[in-house]
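Asker: As you go down the protein sequences, you meet chains A and B in turn. Residue numbers for the first sequence follow numbering that gives the first Met the number 0, so the first one is 0 and each next one is one higher. Residue numbers for the second sequence follow numbering that gives the first Met the number 0, so the first one is 0 and each next one is one higher.
Rather than coming from a laboratory, the hints here were simulated on the basis of the structure. Ideal Cβ placement from N, Cα and C applies to all residues, glycine included. Among these hints, one or two may not hold up.
[Stated by the list, open to error] Per the computed footprint, the stretches of chain B lying under chain A, defined by three or more beta-carbons under 8 angstroms from a beta-carbon of chain A, are:
| # | stretch |
| --- | --- |
| 1 | 56–63 |
| 2 | 72–80 |
[Stated by the list, open to error] In silico EDC-like pairs for lysine to aspartate or glutamate, Cα to Cα no more than 20 angstroms straight-line:
| # | chain 1 | residue 1 | chain 2 | residue 2 |
| --- | --- | --- | --- | --- |
| 3 | A | Lys83 | A | Asp65 |
| 4 | B | Lys91 | A | Glu43 |
| 5 | A | Lys124 | A | Glu56 |
| 6 | A | Lys124 | B | Asp186 |
[As the list claims (entries may be wrong)] Example chain B residues on the side facing chain A (calculated, C-beta under 10 angstroms, incomplete):
| # | residue |
| --- | --- |
| 7 | Phe50 |
| 8 | Pro90 |
| 9 | Lys91 |
| 10 | Lys98 |
| 11 | Gln100 |
| 12 | Pro128 |
| 13 | Ala129 |
| 14 | Phe134 |
| 15 | Gly142 |
| 16 | Val214 |
| 17 | Glu216 |
| 18 | Ala253 |
| 19 | Arg255 |
| 20 | Arg259 |
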Amino acid sequence: MAAPRRYAQSHEWIRLEDDGTATIGISAYAVEALTDLVFMQLPEVGRHVKAGESFGEIESVKAVSDIYAPVSGAVLGVNEDLPKRLESLGQDPYEAGWIARIRPDNPADLAGLLDQTAYDALIAKQSH
Amino acid sequence: MNGIAVWRDGAADGPTNMAADECLAAEAARRGGMVVRLYRWEGTTVSLGAFQSIATARECDAIAGVPLVRRPSGGGAIVHGSDFTYAVAIPKRHAWGAKPQSLYDAVHGAMIESLRSCGVETRLADPDPAAEGAFFCFDRRAGGDLTADHPSATAAARSVKLMGSAQRRLADAVLQHGSLLLESNLDVGPAARHLALADLTGAVGQRPDGWPAWVDEWLERVAASLGQQIEEQPVSFLGTAPLGLAVGRERFAASRWTNRR
Numbered sequence: 000m001a002a003p004r005r006y007a008q009s010h011e012w013i014r015l016e017d018d019g020t021a022t023i024g025i026s027a028y029a030v031e032a033l034t035d036l037v038f039m040q041l042p043e044v045g046r047h048v049k050a051g052e053s054f055g056e057i058e059s060v061k062a063v064s065d066i067y068a069p070v071s072g073a074v075l076g077v078n079e080d081l082p083k084r085l086e087s088l089g090q091d092p093y094e095a096g097w098i099a100r101i102r103p104d105n106p107a108d109l110a111g112l113l114d115q116t117a118y119d120a121l122i123a124k125q126s127h
Numbered sequence: 000m001n002g003i004a005v006w007r008d009g010a011a012d013g014p015t016n017m018a019a020d021e022c023l024a025a026e027a028a029r030r031g032g033m034v035v036r037l038y039r040w041e042g043t044t045v046s047l048g049a050f051q052s053i054a055t056a057r058e059c060d061a062i063a064g065v066p067l068v069r070r071p072s073g074g075g076a077i078v079h080g081s082d083f084t085y086a087v088a089i090p091k092r093h094a095w096g097a098k099p100q101s102l103y104d105a106v107h108g109a110m111i112e113s114l115r116s117c118g119v120e121t122r123l124a125d126p127d128p129a130a131e132g133a134f135f136c137f138d139r140r141a142g143g144d145l146t147a148d149h150p151s152a153t154a155a156a157r158s159v160k161l162m163g164s165a166q167r168r169l170a171d172a173v174l175q176h177g178s179l180l181l182e183s184n185l186d187v188g189p190a191a192r193h194l195a196l197a198d199l200t201g202a203v204g205q206r207p208d209g210w211p212a213w214v215d216e217w218l219e220r221v222a223a224s225l226g227q228q229i230e231e232q233p234v235s236f237l238g239t240a241p242l243g244l245a246v247g248r249e250r251f252a253a254s255r256w257t258n259r260r
C-alpha cells in the first residue's frame, strides 16, 4: 500500500510507492489557484533533479508557474498524456493528474516535507 | 518593510529588460515586500509569451524584422515601443501572492481609478474563451484585463483592450509585468496594431520626463491599498547592477530560449 502523500511548501505532492519510486503532482489547491490551465511542459525523463529545483512548467491564462522537485532524485517517467488533457489536474490531481515518477536519492527525505495536517494548515493560512 | 521601492529605467533591449524583471523578483524576495520597475524599450520589440510558437511569430508578416524576445511569463505577444511597461514583484507570502488573480486585479484596479481621474473610463474585462488562443495579447480577453468601450459606435460590440499583464510564479516570489498601450505602433503592420489610449482620448498626457501623467497616481493607489508608501529610488534598477543580470541577459538573448517552442 502506498504511503500517504507529503507536500512541498510550493504545493507539489509526492507519494512513496511500494517499489521505492515516488509519484509527484501538484495539489488541488494549487490547480484551483492557477485557474484555467493552457499548457504544460513535463519534466525531462532521465534527468537528475535536486530538491527545490524547477523541473517542469505549467501555464495558466495569466501565469507561468514552475513545478519544483520536492526531493532529489532521478526522473523515471512522466504522464505523457497529461498535457493533452490538462483537465485531469483539476478533476483528479492525485491519481490521473500525476506528473512524474522519480527514484528518490534518499526516501527518508520525504519525512522532511509537510504531512496532510501541516499542508492543510498552510493552505488555510494562504487562503486568508 | 514599509515602502514600495520604485525604479524608473531608461530604454533597454528585450533580453536586458526580461533579465532585469527576473532580478526584480529576486529583489522582492530579498526585501520581503513589493518592488516596482518602470521601463522602456530600445526600439520596437515584440515579446512572446513563455510558450508561444516561434514559428507563428516568424510567419507573422506584420512583425517581420522586429526584434523578438521571449518572456518568462505567459500570455500572448506584445508589440512594445509605444506602450507603458511595468514590472511588479512581490514575495510569494505577500497578501497578493497566493493566487494570480489577486495581484492582477489589484494592479489593474488601481489603473482604472488613475485613468478615471484623467477622464478615461475603463473596466476589468470578463474572460473570453473564444479569444484565448489569439497570437497577440491585445486580441485576447482574460478576466481582469483592462478594457474600454470601442470609440466607434458603428464598430462591433467588442471592447478595446488597453492593458494586459502576465505572471511568472517562482518559488519565493511572483513577477508580474504588463503593458498599457499608449499609441498604436506604426513600426508594425496593421495586423499587429491595436487601438490605444491616444485613440480614445486624443492624447496620452505625458509628463516632461516622458512618463504618462497618471503613473504617479497609479503607484500611489497601489501603495495605498497596501497601507504603504512609494519610495522612488535615486538610480535606475539597471544602474544598481543587480546580481544575475548578465547571466539572465545571456539566457534571454540565446536562440535556445527564444526558439524553445
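Asker: Given B:Lys91 as an interface hint, is its Cβ closer than 10 angstroms to any Cβ of chain A?
Answerer: At about 8 angstroms, which falls below the 10 angstroms cut-off, the nearest Cβ of chain A leaves the hint on B:Lys91 intact, so it holds.
Asker: The hint names B:Pro128 as touching chain A; please verify it with the least Cβ-Cβ distance against 10 angstroms.
Answerer: This hint holds: B:Pro128 lies near chain A, its Cβ roughly 8 angstroms from the closest one there, short of 10 angstroms.
Asker: How does the stretch 56–63 of chain B fare against chain A when you require at least three residues with a CB closer than 8 angstroms, holds or violated?
Answerer: violated (count 0)
Asker: Hold the hint about B:Val214 up to the distance rule: shortest CB distance to chain A must be less than 10 angstroms.
Answerer: Status violated, d = 23 angstroms.
Asker: Is A:Lys124 close enough to A:Glu56, meaning Cα to Cα at most 20 angstroms?
Answerer: Cα-Cα ~25 angstroms, so violated.
Asker: Have a go at the B:Phe50 hint: is there a Cβ in chain A nearer than 10 angstroms to its own Cβ?
Answerer: 5 angstroms, holds
Asker: Report holds or violated for the interface hint on B:Arg255, using the least CB-CB distance to chain A and a cut-off of 10 angstroms.
Answerer: 14 angstroms, violated
Asker: Please check whether B:Arg259 passes as an interface residue: C-beta within 10 angstroms of a C-beta belonging to chain A.
Answerer: Because about 9 angstroms separates B:Arg259 from the closest Cβ in chain A, which is inside the 10 angstroms limit, the hint holds.
Asker: Does the interface hint hold: is B:Glu216 within less than 10 angstroms of chain A, judged Cβ to Cβ?
Answerer: 24 angstroms, violated
Asker: Holds or violated: the hint that B:Ala129 contacts chain A, with Cβ atoms closer than 10 angstroms.
Answerer: This interface hint is violated because 13 angstroms lies over the 10 angstroms limit.
Asker: Hold the hint about B:Phe134 up to the distance rule: shortest CB distance to chain A must be less than 10 angstroms.
Answerer: Cβ of B:Phe134 sits 14 angstroms from chain A, so the hint is violated.
Asker: Using 10 angstroms as the Cβ threshold, decide whether B:Gln100 counts as touching chain A.
Answerer: 7 angstroms, holds
Figure legend: structure checked against the earlier numbered hints; hints not met, in rising order: 1, 4, 5, 6, 8, 13, 14, 16, 17, 18, 19.
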